[in-house]
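Sequences listed follow chains A and B, in order. Read in order, the letters of the first sequence correspond to residues 322 to 433 in the numbering used here. Read in order, the letters of the second sequence correspond to residues 328 to 440 in the numbering used here.
None of these hints come from the bench; they were simulated from the model. Heads up, the beta-carbon is just placed ideally off N, CA and C, and yes, glycines get one too. One or more hints might be untrue.
What the hints assert, rightly or not - Below, computed lysine to aspartate or glutamate pairings styled on EDC-like, alpha-carbon distance capped at 20 Å: (1) B:Lys371 to A:Glu363; (2) A:Lys398 to A:Asp375; (3) A:Lys373 to A:Glu363; (4) B:Lys368 to A:Glu336; (5) B:Lys367 to A:Asp375; (6) B:Lys336 to A:Glu363; (7) B:Lys371 to A:Asp323; (8) A:Lys381 to A:Glu337; (9) B:Lys394 to B:Glu351; (10) B:Lys349 to B:Glu380; (11) B:Lys368 to A:Glu390; (12) B:Lys363 to A:Glu384; (13) B:Lys349 to A:Glu384; (14) A:Lys373 to A:Asp323; (15) B:Lys363 to B:Asp412; (16) B:Lys349 to B:Asp397; (17) B:Lys368 to B:Glu385; (18) B:Lys336 to B:Asp412; (19) B:Lys367 to A:Glu329; (20) B:Lys398 to B:Glu351; (21) B:Lys368 to A:Glu337; (22) A:Lys381 to A:Glu336; (23) B:Lys379 to B:Glu351; (24) B:Lys371 to A:Asp405.
As the list claims (entries may be wrong) - Just the calculated beta-carbon pair ranges, DEER-fashion: (25) B:Glu385 to A:Val403: 32 to 40 Å; (26) B:Gln424 to A:Lys381: 46 to 54 Å; (27) B:Lys394 to A:Gly362: 24 to 32 Å; (28) A:Ala338 to B:Asp345: 24 to 32 Å; (29) A:Thr430 to B:Ser407: 35 to 43 Å; (30) B:Gly343 to A:Gly382: 42 to 50 Å; (31) B:Asp365 to A:Tyr360: 13 to 21 Å; (32) B:Asp365 to A:Lys373: 31 to 39 Å; (33) A:Glu390 to B:Asn389: 41 to 49 Å; (34) A:Leu334 to B:Asn353: 36 to 44 Å; (35) B:Ser407 to A:Asn343: 38 to 46 Å; (36) B:Leu381 to A:Thr349: 21 to 29 Å; (37) A:Gly322 to B:Arg390: 21 to 29 Å; (38) B:Lys367 to A:Asn380: 46 to 54 Å.
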Amino acid sequence: GDSVTQMEGPVTLSEEAFLTINCTYTATGYPSLFWYVQYPGEGLQLLLKATKADDKGSNKGFEATYRKETTSFHLEKGSVQVSDSAVYFCALRANTGNQFYFGTGTSLTVIP
Amino acid sequence: DTAVSQTPKYLVTQMGNDKSIKCEQNLGHDTMYWYKQDSKKFLKIMFSYNNKELIINETVPNRFSPKSPDKAHLNLHINSLELGDSAVYFCASSLGQHNSPLHFGNGTRLTVT
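Isolated chain A, as found in the complex:
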């Protein structure tokens, strides 16, 4: 069945460091891929998405590219800020049906 495997955390970085959170998926066909961010005490917010191979999603300095050949959707940011401290979830939606599959979440802490 469909699934998402996400890099385990927690991840601790200094401000202005480069961030990569790895995400790989298993799915038939061409799923849509998403990154969500959850700040403390809040719900999940859509950070970015990509809906077909080679698409790049980007938002707030974060980027992720849909790589069909490696079944990956790694999240990157060139220079993290303290305000980026949150839990990040990779997710996919199969190309049929209404089911979403989430990774286990990666906690990021950015220290000044």
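Use these hints to put chain B onto chain A, whose structure you have.
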């Protein structure tokens, strides 16, 4: 504001009680979901409704009963609450297209004592 809103935000109750969580979305979406998030932040799908019809019903104790009076509302009723039910419950909604994301509410933190 257009959003997914759920109430209450916090719910503290004793074992054995029955409680409900309400969810409403004004985004015009046709599919709504309930997720449970445990203390390790793991998200587990519980139920999903599409236009008031149950389409996803994961392995959840039958003490949990969803109800969708219309496609903008999906409520969750829990009978005979147990300590293990303590978690954050998220309502979410989406459109039917496969490229449409989930939109989440802010969650209900349920604590069973």
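Report task. Below or equal to 20 Å on CA atoms is what counts here, so check Lys381 of chain A against Glu337 of chain A. Result -> 14 Å, holds
Query raised in the report: Between Gly322 of chain A and Arg390 of chain B, does the beta-carbon spacing fit 21 to 29 Å?
Result: For Gly322 of chain A and Arg390 of chain B the Cβ distance comes to about 27 Å; the hint holds.
Report task. Starting from Lys398 of chain A, check that the Cα of Asp375 of chain A is at most 20 Å away, please. Result -> Holds: Lys398 of chain A and Asp375 of chain A sit about 18 Å apart, inside 20 Å.
Query raised in the report: Taking the CB of Asp365 of chain B and the CB of Lys373 of chain A, does the distance hold inside 31 to 39 Å?
Result: 33 Å, holds
**Report entry** Restraint status (C-alpha distance of Lys336 of chain B to Glu363 of chain A at most 20 Å)
**Finding:** 10 Å, holds
Requested in this report: Please work out if Lys367 of chain B and Glu329 of chain A have their alpha carbons no farther apart than 20 Å.
Outcome: 12 Å, holds
Report task. Would you check the hint for Lys336 of chain B and Asp412 of chain B, treating anything up to 20 Å between C-alpha atoms as holding? Result -> 16 Å, holds
**Report entry** Proposed proximity, Glu336 of chain A with Lys368 of chain B (alpha carbon, max 20 Å)
**Finding:** With a Cα-Cα distance of about 24 Å, the restraint between Lys368 of chain B and Glu336 of chain A is violated, given a limit of 20 Å.
Query raised in the report: Between Ser407 of chain B and Asn343 of chain A, does the C-beta distance stay in 38 to 46 Å?
Result: At roughly 41 Å between Cβ atoms, Asn343 of chain A and Ser407 of chain B fall inside 38 to 46 Å, so the hint holds.
Query raised in the report: Keeping to a limit of 20 Å between CA atoms, is the pair of Lys349 of chain B and Glu384 of chain A held or broken?
Result: Measuring from Cα to Cα gives roughly 35 Å; hence the hint is violated.
Query raised in the report: Within a Cα-Cα threshold of 20 Å, do Lys381 of chain A and Glu336 of chain A meet the stated pairing?
Result: 15 Å, holds
Query raised in the report: For the pair Ala338 of chain A and Asp345 of chain B, does the Cβ-Cβ distance stay inside 24 to 32 Å?
Result: Taking Cβ atoms as reference, Ala338 of chain A and Asp345 of chain B lie about 49 Å apart, which means the hint is violated.
Checked against the numbered hints given earlier, the structure breaks hints 3, 4, 5, 11, 12, 13, 21, 24, 26, 28 and 38 and satisfies all the rest.
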